[in-house]
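Using the sequences and the accompanying hints, generate a full structural model.
My numbering numbers the first residue of the sequence shown as 1 and each following residue consecutively.
If you are wondering where the hints come from, they were derived from the structure by calculation, not from laboratory data.
On a predicted model such as this, the values are computed, not experimentally measured, just so you know.
Heads up, the beta-carbon is just placed ideally off N, CA and C, and yes, glycines get one too.
Take every hint as true, because none was put in to throw you off.
Derived Cβ-Cβ restraints for the label pairs, each shown as a range:
(1) 122 - 10: 15 to 21 Å
(2) 65 - 3: 27 to 33 Å
(3) 137 - 165: 21 to 27 Å
In silico DMTMM-like links for lysine to aspartate or glutamate, alpha-carbon gap of 20 Å or less:
(4) 105 - 136
(5) 105 - 6
(6) 74 - 182
(7) 168 - 122
(8) 77 - 6
(9) 74 - 6
(10) 3 - 187
(11) 168 - 130
(12) 185 - 60
(13) 27 - 172
(14) 94 - 121
(15) 108 - 6
(16) 77 - 4
(17) 74 - 60
(18) 74 - 21
(19) 138 - 4
(20) 27 - 121
(21) 28 - 17
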Amino acid sequence: MIKENEIINIQDFLEYEDFYDLQSHSKKLNWTFTGRASATMSEWHLNCPIYGGVKNPIIDYNQLPEVFRPILMKLSKQYNVLIRPYDVYFNAYKFGNEMEIHTDKITKKGFNRTIIMYLTEDWLPQWHGETVLYDEKKEHIRSAIVPYPNSVLIFDGRIPHTSVPISKFCLENRIILVFQCEIQKIDV
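Shown next, in the form of structure tokens:
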């Protein structure tokens, strides 16, 4: 079970073919400046929504394009949970994009999770762009995750978090696939 308030980071998460398919998919998207870093910041970043803006989560993974299913199926099996996405989207950040510390959508208290899959092909630590998770008061860092390719981050969406601005020496976009979900333990 993915526990409430738990932060999980898994490296080399998907099989190469599945990761490559996701990367290829992200390169064919029609990126637009529709994503706001937050409601209070005027900064916009590249965004491509896949599913969202609805009251009901995806219950059947067949509602999603096949390229997204391996992530959810692997996590479901590994943690013995049902994962029901409310929002699925890609974001791309580059040097100059900033984001404030925020929390994500609360679907069902104690059961909401955010899953971030890092898709940039190569990432060097000196480019920064870490996802930083804070304590409840936003005073101390609980964890900082370098956005290495083919890694996944899972956390309670109520944990305050942000991404560190990307270095001016980085010429790559920091591309992520985000699932804002509700989870439910599978009784065996």
